[in-house]
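Sequences and hints are given; from them, build the entire structure.
Under my numbering, the first residue of the sequence shown carries the number 1, and numbering increases by one thereafter.
Mixed in with the good hints, there may be bad ones.
To be verified - Computed spacing ranges between beta-carbons, pair by pair:
hint : residue 1 : residue 2 : range
1    : Thr304    : Lys212    : 48 to 58 Å
2    : Phe336    : Gln176    : 38 to 48 Å
3    : Val194    : Ile313    : 31 to 41 Å
4    : Asn266    : Lys65     : 48 to 58 Å
5    : Ala14     : Val283    : 23 to 33 Å
6    : Phe336    : Ile215    : 26 to 36 Å
7    : Leu15     : Pro318    : 39 to 49 Å
8    : Ala179    : Ile37     : 20 to 30 Å
9    : Phe249    : Ala179    : 17 to 27 Å
Said to hold, decoys possible - As a list, the in silico SDA-like pairs of lysine to any residue whose alpha-carbon atoms are at most 20 Å apart:
hint : residue 1 : residue 2
10   : Lys59     : Leu79
11   : Lys39     : Val49
12   : Lys208    : Arg198
These are computed hints drawn from the structure, not numbers from a lab.
Idealized CB from N, CA, C, for every residue including glycine.
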Amino acid sequence: MLKNKPDFKLINLALIILIVFLVYQTGNLWGGVLSTIIKIIAPFFVAFVVAYALYPILKFLQKKKIPKGVGIFLILGVLIGTIVILSVLLGPMLFNQLSSLFNSIIAFCKEITTNYNVDLGDLQTSLSEIFNEIILKLGKYVSDGAMNAIGVSINYVSFIFIAFAAAIYLLADMEQIRAHVKRYVQRKGNRPYVYLRRLDNEMQNYLKGFLKIVIISFFEYSLAFYIIGHPNAILLGVLAALGNLIPYFGGIITNIIAAITAFVINPALFIKTCIAFFVLSNVDGYIINPMVYGKSNELHPIVTIFAVFAGGILWGMPGIILALPLSIILITTYKFFGQDISEKIGDMKGKKHS
Numbered sequence: 001m002l003k004n005k006p007d008f009k010l011i012n013l014a015l016i017i018l019i020v021f022l023v024y025q026t027g028n029l030w031g032g033v034l035s036t037i038i039k040i041i042a043p044f045f046v047a048f049v050v051a052y053a054l055y056p057i058l059k060f061l062q063k064k065k066i067p068k069g070v071g072i073f074l075i076l077g078v079l080i081g082t083i084v085i086l087s088v089l090l091g092p093m094l095f096n097q098l099s100s101l102f103n104s105i106i107a108f109c110k111e112i113t114t115n116y117n118v119d120l121g122d123l124q125t126s127l128s129e130i131f132n133e134i135i136l137k138l139g140k141y142v143s144d145g146a147m148n149a150i151g152v153s154i155n156y157v158s159f160i161f162i163a164f165a166a167a168i169y170l171l172a173d174m175e176q177i178r179a180h181v182k183r184y185v186q187r188k189g190n191r192p193y194v195y196l197r198r199l200d201n202e203m204q205n206y207l208k209g210f211l212k213i214v215i216i217s218f219f220e221y222s223l224a225f226y227i228i229g230h231p232n233a234i235l236l237g238v239l240a241a242l243g244n245l246i247p248y249f250g251g252i253i254t255n256i257i258a259a260i261t262a263f264v265i266n267p268a269l270f271i272k273t274c275i276a277f278f279v280l281s282n283v284d285g286y287i288i289n290p291m292v293y294g295k296s297n298e299l300h301p302i303v304t305i306f307a308v309f310a311g312g313i314l315w316g317m318p319g320i321i322l323a324l325p326l327s328i329i330l331i332t333t334y335k336f337f338g339q340d341i342s343e344k345i346g347d348m349k350g351k352k353h354s
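As structure tokens, this is what we get:
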């Protein structure tokens, strides 16, 4: 029998350190490979998210005795129709309101500089250059037509096409995919299956609630700003709806833009706008959000703000958008396995003292 047994824990630690060191030293190589893999996987990941989000709607239609193929056709028809209507009917209106919005922000900077002796000259020049460039590009896309836009951004078009096509097939096979995952997890034990079901319920609640909030926000803010006579009512409604992708900060940005543009027009509209977004924010926070989300997906504001900040630092805009669903996944996982972790820590402490 050997007197000096090898310390396998120390060997394993040394191997881990060596692997980490080698990965760090070859970071440029792995970074390029990882970036390529992400580019390949990205459209299929988006397709799966879209199919996963639309599956409850398809399931609802099937319960109403509508065949799967017809249900998929109806869902895609409504989705494509909505995008076309927004592009054709609201596109020119949003373009005009966007130009008006940019001019209002520049006029706001001029007014602050003139009336309050605050030097915003450099900021005003930068904003003018940025806004003019955006307007010129948008105008060029509109005037040159869709083919030129496709020629300029072929990568984005191919990404959307691949994601859209994959989403159709994944939506058609989502029931089989879920059944296969269910059988696989059940073979691993009852507890992993219960965890997966809980995670699925939490994500479905989040996606359903998010879709409802987006639709409600668009009509709510558009109607409210239209009633008080704000010239950018439709654009602000679109910004409010898209702002739900960035919890807290999206709504704040929308309200700031609304206040700035109203301030330039006249003081009365500015006061009405401030009252409007004060009322709307309270209605959203205390009535609409609790009614839509209920007690599910209830996250502390600090957790949400930290998640958005961390997601932005790590992955930019995609990280900000994914911050909330990833937080829900992590918190659900912690709540589910938290008791097991606490019991194991307690057992380890008990063995250590015994």
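Holds or violated: the 31 to 41 Å window for the beta-carbon distance between Val194 and Ile313? holds (34 Å)
Please test the hint of 38 to 48 Å on the beta carbon pair from Phe336 and Gln176. violated (26 Å)
CA of Lys59 to CA of Leu79, is that 20 Å or under? holds (16 Å)
17 to 27 Å as the expected CB spacing between Ala179 and Phe249, which holds or is violated: violated (39 Å)
Restraint status (C-alpha distance of Lys39 to Val49 at most 20 Å): Within the cut-off at roughly 16 Å; holds.
Need the status of pair Lys208, Arg198: alpha-carbon distance at most 20 Å? holds (15 Å)
Could one say that the CB atoms of Ala179 and Ile37 fall in the range 20 to 30 Å? holds (28 Å)
With 26 to 36 Å as the target window, see if Phe336 and Ile215 comply at their CB atoms. The hint (26 to 36 Å, Cβ to Cβ) holds, given that Phe336 and Ile215 are roughly 31 Å apart.
Do the beta carbons of Ala14 and Val283 sit within 23 to 33 Å of each other? violated (60 Å)
Given a hinted range of 48 to 58 Å, is it respected by the beta-carbon distance of Asn266 and Lys65? At 56 Å between Cβs, range holds.
Pairwise beta carbon distance, Leu15 to Pro318, judged against the given window 39 to 49 Å: violated (34 Å)
Between the beta carbons of Thr304 and Lys212, is the distance compatible with 48 to 58 Å? violated (18 Å)
Going through the hint list in order, the structure does not satisfy hints 1, 2, 5, 7, 9.
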